[in-house]
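Asks: The lines below spell out each chain.
2 protein chains.
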Amino acid sequence: MRVLALLDGTLADPDEPLIRIDDLGLVRGDGVFETILVVDGRPRELEPHLDRLDRSAAMLDLPAPDRAAFGRAIDRVLGAWTGGREFALKLVHTRGVEGGDGTPTGFALGVEVPPKAVAQRADGLAAVTLERGVEPGLAERAPWLLLGAKTLSYAVNMAALREAERRGASEVVFTTSDGSVLEGPTSTLIAVRGRRLTTPPATLGILPGTTQAALFRAAERAGWAVEVAPVAVDELYDADGVLLVSSVRRITRVHTLDGKTLPDSRDLHARLVELYESEY
Amino acid sequence: MRVLALLDGTLADPDEPLIRIDDLGLVRGDGVFETILVVDGRPRELEPHLDRLDRSAAMLDLPAPDRAAFGRAIDRVLGAWTGGREFALKLVHTRGVEGGDGTPTGFALGVEVPPKAVAQRADGLAAVTLERGVEPGLAERAPWLLLGAKTLSYAVNMAALREAERRGASEVVFTTSDGSVLEGPTSTLIAVRGRRLTTPPATLGILPGTTQAALFRAAERAGWAVEVAPVAVDELYDADGVLLVSSVRRITRVHTLDGKTLPDSRDLHARLVELYESEY
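Heads up: the protein sequence lines correspond to chains A and B, in order.
Remember, the numbering used here sits 452 above the position in the first sequence when you count from 1.
Remember, the numbering used here sits 452 above the position in the second sequence when you count from 1.
Please note that a few of the clues may not be correct.
Reference excerpt, derived from the structure (chain B facing chain A, CB under 7 angstroms, subset only) [to be verified]: (1) L463; (2) P466; (3) I473; (4) G477; (5) F559; (6) V570; (7) V580; (8) E583; (9) L604; (10) V608; (11) A611; (12) A612; (13) R614; (14) Y732.
Covered by chain A, per the in silico footprint, the following chain B stretches (three or more residues, Cβ under 8 angstroms) [what the hints assert, rightly or not]: (15) 497–510; (16) 690–701.
Hints in this document: simulated from the structure, not taken from any laboratory.
Using N, Cα and C, we set each Cβ at its ideal position, and we do this for glycine too.
Build out the structure end to end from the sequences listed, making use of the hints.
Replies: Right, here's the structure in full:
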């Protein structure tokens with residue numbers, strides 16, 4: 453099932469056309485979004501997601517999302533959802549129509565979690581490394597490149613996932629040309645070694661992960677070491693575990709990277725899933 | 453005025469919602485487009501534009517645009533236009549709705565040429581150089597980055613134009629970090645020295661320009677030398693002329709770059725406009 457709420461608090465039919473052809477979200481990819489996991493009626497990490505939506509909007513010089521209106525729309529979706537125990541809640545905020553009065557377009561949409569994501573949580577996945585064309589220092593030097601903003605301009609992220617499929621994998625680890633790890637197209641990377649979790653710094657021009665932050669919070673409380681530090685691609689091959697985490701896929705282990713089988717991380721993964729779930 | 457035609461050949465009201473909220477063009481910037489200048493009812497460089505739409509679609513693994521349907525939609529717009537002598541004709545082709553049957557979304561929209569573009573044709577413009585984060589060789593090495601495809605994921609191009617405005621300019625010349633010239637966010641750069649026109653090669657990961665190609669065709673016939681070759685940013689400051697060209701702005705001279713006044717190119721510009729117009 454799908455539930456769509458508009459920012460005026462009304463429910464609408466997602467199968468009906470609701471967006472104008474001159475919406476800048478459509479013709480320029482000029483907008484931002486978030487995807488939030490809802491379990492048993494409770495959105496996970498709602499405030500961090502809304503905060504990140506604000507930050508992305510600010511990076512694009514968009515009007516700040518109307519938090520009261522988004523809150524109302526989210527409540528409408530939560531109230532109307534009669535599908536499975538969990539669903540994905542997408543928030544979209546665009547620059548509105550071209551030449552208009554500057555009113556943003558926004559909505560909240562609840563959809564079922566894709567079966568593929570559910571399967572990957574249990575089975576893990578194969579990933580490939582793909583160069584992203586982002587050098588260290590670029591994000592800070594060139595803010596107009598919007599690195600680290602969660603924008604609607606995701607054609608490259610989608611193309612990278614198709615390239616992964618062509619290579620017999622289902623996910624991507626973006627890298628710099630000098631062999632540093634960045635992130636997945638729709639996920640954050642975490643490398644595990646012993647009882648230490650490491651994720652690359654957002655200053656590289658990547659998205660600070662809400663699920664990564666939640667896992668780090670839980671792991672730290674349980675006595676694990678957590679660090680935000682550069683990760684070299686080569687370090688992934690002999691790490692105890694390589695995770696791609698995101699709201700919808702939760703904590704997913706990479707079992708194969710660029711065709712090479714990684715060390716078995718099933719027990720480690722189970723322990724980390726348990727830690728992550730203990731947050732909710 | 454605005455005239456909108458759908459791919460079934462019907463006219464529609466561009467002020468009415470026509471796009472679903474789950475169109476991948478909207479939520480992923482996953483689609484391609486072209487903008488064509490129409491003068492006295494005749495689209496300029498129509499075939500090169502349609503060919504480029506095909507190439508962009510292929511780079512995104514999109515279904516090929518239905519050329520008969522787009523041709524019909526274009527004819528409907530041309531037939532219904534009752535505005536000024538010239539207008540901009542936009543073609544949009546998206547991946548369609550998420551989880552749908554793969555049918556692309558497409559339309560043709562005629563809109564007035566923005567007054568700003570008309571003014572820039574006569575007055576020239578001030579531009580700033582901004583780094584694009586694209587190194588030589590990247591486009592060929594990493595096709596998933598879609599460099600040189602005209603996609604709907606244009607948030608960065610729009611952000612660069614806002615950065616130019618913050619710096620007191622109205623346009624951008626994208627550069628590599630090693631000081632090579634790429635293109636404008638919605639235009640092609642041409643440097644003029646004596647009777648030689650130079651534009652950077654598409655292999656750098658930039659869009660091959662339809663207006664640049666038309667001007668080169670005309671200039672070559674008139675005995676000018678034309679070349680596709682790397683251009684260093686430093687060469688722009690003492691060039692006889694620096695042009696940003698695009699379908700809608702036609703041939704526009706840059707009079708100021710990064711706050712420095714460039715050599716006066718008004719006569720040169722007038723001569724090149726004359727050459728370009730001789731093509732039609």
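Asks: Run every hint past the structure and note whether it holds.
Replies: Going through the hints against the structure:
1. L463: Status violated, d = 12 angstroms.
2. P466: holds (6 angstroms)
3. I473: holds (5 angstroms)
4. G477: The hint holds - G477(B) has a Cβ within 7 angstroms of chain A, the shortest such distance being about 5 angstroms.
5. F559: Hint holds; F559(B) Cβ to chain A Cβ min 6 angstroms, cut 7 angstroms.
6. V570: Given a least distance of 15 angstroms, the restraint on V570(B) is violated.
7. V580: violated (10 angstroms)
8. E583: Hint on E583(B): holds, closest Cβ of chain A at ~5 angstroms, below 7 angstroms.
9. L604: holds (5 angstroms)
10. V608: Holds - the Cβ of V608(B) comes within 7 angstroms of chain A, reaching about 6 angstroms at its closest.
11. A611: holds (4 angstroms)
12. A612: holds (5 angstroms)
13. R614: The hint holds - R614(B) has a Cβ within 7 angstroms of chain A, the shortest such distance being about 6 angstroms.
14. Y732: At 27 angstroms from the nearest chain A Cβ, Y732(B) fails the 7 angstroms test, so the hint is violated.
15. 497–510: violated (count 0)
16. 690–701: violated (count 0)
This entry does not satisfy hints 1, 6, 7, 14, 15, 16, going by the numbered hints stated previously.
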